[in-house]
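Here the protein sequences line up with chains Y and F, keeping their order.
Heads up, the first sequence is in the numbering used here, so the first residue is 1 and it goes up one at a time.
Heads up, the second sequence is in the numbering used here, so the first residue is 1 and it goes up one at a time.
Quick caveat, the hints were computed from the structure, so don't treat them as lab data.
Watch out, some of these pointers could steer you wrong.
[Unchecked claim] Incomplete in silico selection of chain F near chain Y, CB under 7 Å: (1) K20; (2) L93; (3) G94; (4) A105; (5) N107; (6) L116; (7) E119; (8) L123; (9) L126; (10) D127; (11) E132; (12) A134; (13) E137; (14) T138.
[To be verified] Capping the alpha-carbon separation at 20 Å, the derived lysine to any residue pairs in SDA-like fashion look like this: (15) F:K62 / F:H36; (16) F:K62 / Y:L326; (17) Y:K302 / F:R118; (18) Y:K302 / F:W173; (19) F:K176 / F:G188; (20) Y:K252 / Y:R236; (21) Y:K302 / F:K20; (22) F:K62 / F:E23; (23) F:K242 / F:E23; (24) Y:K302 / F:E23; (25) F:K62 / Y:R319; (26) F:K62 / F:Q32; (27) Y:K238 / F:R148; (28) Y:K302 / F:M131; (29) F:K200 / F:S141; (30) F:K62 / F:S86; (31) F:K200 / F:L231; (32) Y:K302 / Y:L326; (33) F:K20 / F:A103; (34) F:K176 / Y:R319; (35) Y:K238 / F:R133; (36) Y:K238 / F:D127; (37) Y:K302 / Y:I286; (38) Y:K302 / F:R120; (39) Y:K302 / F:D129; (40) Y:K252 / Y:A54.
We put the CB at the ideal spot given by N, CA and C, even for glycine.
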Amino acid sequence: MTVQPEELPDLTAAPEAARAELPPEVVAQSLGEYVRAYSSRIRGGESGVLPVIAAMVAIVLVFTAISPNHVFISAGNLVNLFQQAAVFMILAMAEGFALVLGEIDLSVGFVGAIGAAITVQLVQPSTTNWHWIPAIIAGLLACTVFGLIQGTLITRLRLPSFIVTLAGYLIANGIFLDVLLLGPFSGYPNLLGQGNNLAVIYHLMWGTIDPTVSWIAAAVVVVALGLLIWLSDSRRRKSGLVAPPASLSLIKIGMIAVVAAVVVTICDINRANIGTLAGVPWVIPIVVSVLGAWTILFQRTKFGRYMYAIGGNAEAARRAGINVSLIRTLGFGLCSFTAGVAMLLYASLLGGMSNNVGGGQYVLYAVAAAVIGGTSLFGGRGKPIHGVLGGLVIAGIYNGLYLLPQLSSVEWQYIITGLVLLAAVIIDAVSRRGASSGSVTRA
Amino acid sequence: MQSDMAAVANAPATTEPLLKIRELDKHFGPVQALYHVDLDLPSGKVTALCGDNGAGKSVLTKCIAGIYQPDHGQVFWEGHPVHVRSARDASRLGIETVYQDLALADNLDIVQNMFLGRERVRLGLLDEDSMERAAAETLASLRVTTVRSIRQPVASLSGGQRQSVAVAKAVMWNSKLVIMDEPTAALGVVQTRQVLDLIKRLRDRGLAVMVISHNLTDIFEVADRIAVLYLGRLAVQDDASKFDLQTIVEYMTTGGTSRTGGPNTKAS
C-alpha cells in the first residue's frame, strides 16, 4: 500500500506506544528490523516469551550449582523433571481455555482427579476389568460433563466463574473421594498389579520409546513441522501477505530442531543406576500431541478465534453474531477434559490414585504455569505453548527444591511457588498497564 | 460540489430511496420515543441525523438496525416493505451499523476484527491468506493507508484508524446502508479529517450513509441531506444547502424555524 499524497500522517497516534504493541514479526522485513522491533517491544513492556526463557536458564543454573553433586542436571533427574512437568503443562493448557476466555477455573485439579480415579478404578482386573480405551474415555467424559455443567451455570445464570468453580472444586473433591472408596482397595486403587490394561495406563508416564525409534520419530516431527512453517511462510511472502523474513522462519525451525535434539539426547542417556534405562518417555509425545491439537484449535479454527474475541471484548463478539454462551460453555468443557488428561498422567506418575492428590495445590500450579508462560489473567491473550513453557518452569522449581535437603520441605515449596505465581501476575499486570498507558485510545 | 448534489436531490424522484420510513412510532411504556417519523435515506447520499439529547436519534437508529421493533409504521427497503427483526436481518439486507464504541476486540488484529463472526474456512481451518487479501483490498479501496500492517492488533491503532477499521468492517459485506453513530466524537483534528474523507468515499461508492452527530461543523462538511429530530418527531429533512448553522440549531432546540425561506418542514 502506498501513502496517498493527500493522506496526512496520523499525527495523534503515539508512535512509541504503537511500536511497543506491534508484534515484531508483523512489521519486520529483515532480521535486523525484527531484532530492533523486538527490543523496542520489550522496553514497552510486551516481552513475550523472553522472561520465561530467562527464568528457565536461571533455574537450571541455580539448581545445578546448589544441588548436591549437581544432581539437578543429571539425565535421570531431567527426565524425572520432564515427567513431573508433563502434568503441570497439560493442566496449564487446560487452565488456558478459561484464562483466554477471561475467566478462571479453580476446579481443574479435582475435576481431573475424578476422571483419573474413574479410569484407574475401571481397569482394575479384580473388579470391572475394562479395556483401557473405554476406561480412559469414561474418565475424560466424566470430566467434560462436569466442566460443561459448570460452564452452563456460569454462562446461563451469569454467575462469576470464580465462585462456581470454587464450589465445583469442593464438590469435585467430594466426588473424587467417593470414587476412590469404590471397590476393595481401601481408597488406594493402584496400577502396579498384573494386567495389560493396568500396564498401559502405568506406561503413559513410565513407558519409554526405544532410543533409535525416538531419534527417527523426532526427526520426522521436526522435518514435518519445518516444512509446514517454511512452505506457509514462503507462500505468504510470495503473495505479498504479512510474513516473517526468511531468516526468521529458519531460526524458528532451527530452534524446534535444537529443542527436539536436546530432549532426545537427554532421554537417550542411560539413566539407570544398575542395568539400562534409556529412551524418550511416552509422556513426551503425549504432551506434544496435546500441544499440537490445542494450538490448531486456538490459532486456526473459528472456535479458537471466538474464544480470543470473547476474552478481548465479549460485547464485540456478541454483536458479531457469535454465540458467546455456547463458546464459553464449550471452553469450560474442554478445560475440564484437558484437566482429565493431565490428572490421568498424574495417576500414572504416582502409580495409582489416593486421597493424597493435591488438587488444590495443582490448580495454583496450573494458573501459575499458564501466567508465567505468558497467558494473561485478564483474558484474550495466551497460547497453549505458554502452558508448556510455564509448566517447565514450575516443574523446575518443584523438582529443584526437592533436591535441596534444607528446602525440600513442603512449606518451602508452597512459599516459593506462591512467590513465583505472584511475580508472574505482577509482570502480567504491569506489562498490561505499560502497554495501555501509552495508547490514547485504549478503553 | 454541494450545489451539484442539491440539484440532483431536487430533481423529480424517479427512483425510490434505498430506505424509506413512514409514520414510524415507538414507545417505551408511557414514553413516546418516536412519533410518526418519516425519513428517506437515498443511495449515494450522506444523511446527517441531528437532534438534541433525548430527541430519539438512538431509538430511530436502533429501529433501523433491527435492535428495536417499531410499534407502528412501515419501512421500505428498495421500495419493498420489510420487517427488520434483528441485527442479522439488517445485515442480510445490507444495513451495517458502526456504533460509537466501535465493537472491536483490542487483542485481535485488523484482519481478524474485520472478519469476526464471518471467518472464511477451508478444510475446517481458518483461511487466513484469503481473509488477509480481502481485508487489504477493502482497506486499500477506502484508502485507509496509515496503518503499518494489517496484522497489527487493534490495540495499537489510533482513534481515527480504529474508526476506519470499524467502517471498513461494515462496508466489507456488500452493505448498502452504513449507519455511523458519532463517528468523530473523541477524535483529534487530523483523525476527524480522515474519518470525514472516509465517509465521503463511501458516498462516492454509491452507498447510503447515515451519520448521527452533535458536531455541526462536521455535519455541514460531509452531509448532503440533513434531518432533525425534535422530541421524537421529525422536525425537518432537506438538502444540506437549505440549512445554515442558525436554522439547524433552531430546529434542534424548538422544532421549527422563525425564518422564512428555510427548508421545507415536510420532505419531498
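Status of the hints after comparison with the structure:
1. K20: violated (26 Å)
2. L93: violated (15 Å)
3. G94: violated (15 Å)
4. A105: holds (4 Å)
5. N107: At 4 Å from the nearest chain Y Cβ, F:N107 passes the 7 Å test, so the hint holds.
6. L116: holds (4 Å)
7. E119: Hint on F:E119: holds, closest Cβ of chain Y at ~5 Å, below 7 Å.
8. L123: violated (10 Å)
9. L126: holds (5 Å)
10. D127: Violated, about 10 Å.
11. E132: holds (5 Å)
12. A134: violated (11 Å)
13. E137: violated (10 Å)
14. T138: violated (12 Å)
15. F:K62 / F:H36: holds (16 Å)
16. F:K62 / Y:L326: Not OK: F:K62 and Y:L326 at ~26 Å, beyond 20 Å, violated.
17. Y:K302 / F:R118: holds (9 Å)
18. Y:K302 / F:W173: holds (19 Å)
19. F:K176 / F:G188: At roughly 28 Å apart (the allowed maximum being 20 Å), F:G188 and F:K176 break the hint.
20. Y:K252 / Y:R236: holds (16 Å)
21. Y:K302 / F:K20: violated (37 Å)
22. F:K62 / F:E23: Holds - the C-alpha atoms of F:E23 and F:K62 are around 16 Å apart, at most 20 Å.
23. F:K242 / F:E23: violated (24 Å)
24. Y:K302 / F:E23: violated (42 Å)
25. F:K62 / Y:R319: holds (13 Å)
26. F:K62 / F:Q32: Holds, at roughly 15 Å.
27. Y:K238 / F:R148: Within the cut-off at roughly 19 Å; holds.
28. Y:K302 / F:M131: Given pair Y:K302, F:M131 holds - Cα atoms ~13 Å apart, limit 20 Å.
29. F:K200 / F:S141: holds (13 Å)
30. F:K62 / F:S86: holds (10 Å)
31. F:K200 / F:L231: violated (29 Å)
32. Y:K302 / Y:L326: holds (13 Å)
33. F:K20 / F:A103: violated (27 Å)
34. F:K176 / Y:R319: holds (19 Å)
35. Y:K238 / F:R133: It holds: about 13 Å lies between the C-alpha atoms, which stays within 20 Å.
36. Y:K238 / F:D127: holds (17 Å)
37. Y:K302 / Y:I286: violated (25 Å)
38. Y:K302 / F:R120: Holds. Y:K302 to F:R120 sits at ~9 Å (cutoff 20 Å).
39. Y:K302 / F:D129: holds (15 Å)
40. Y:K252 / Y:A54: holds (18 Å)
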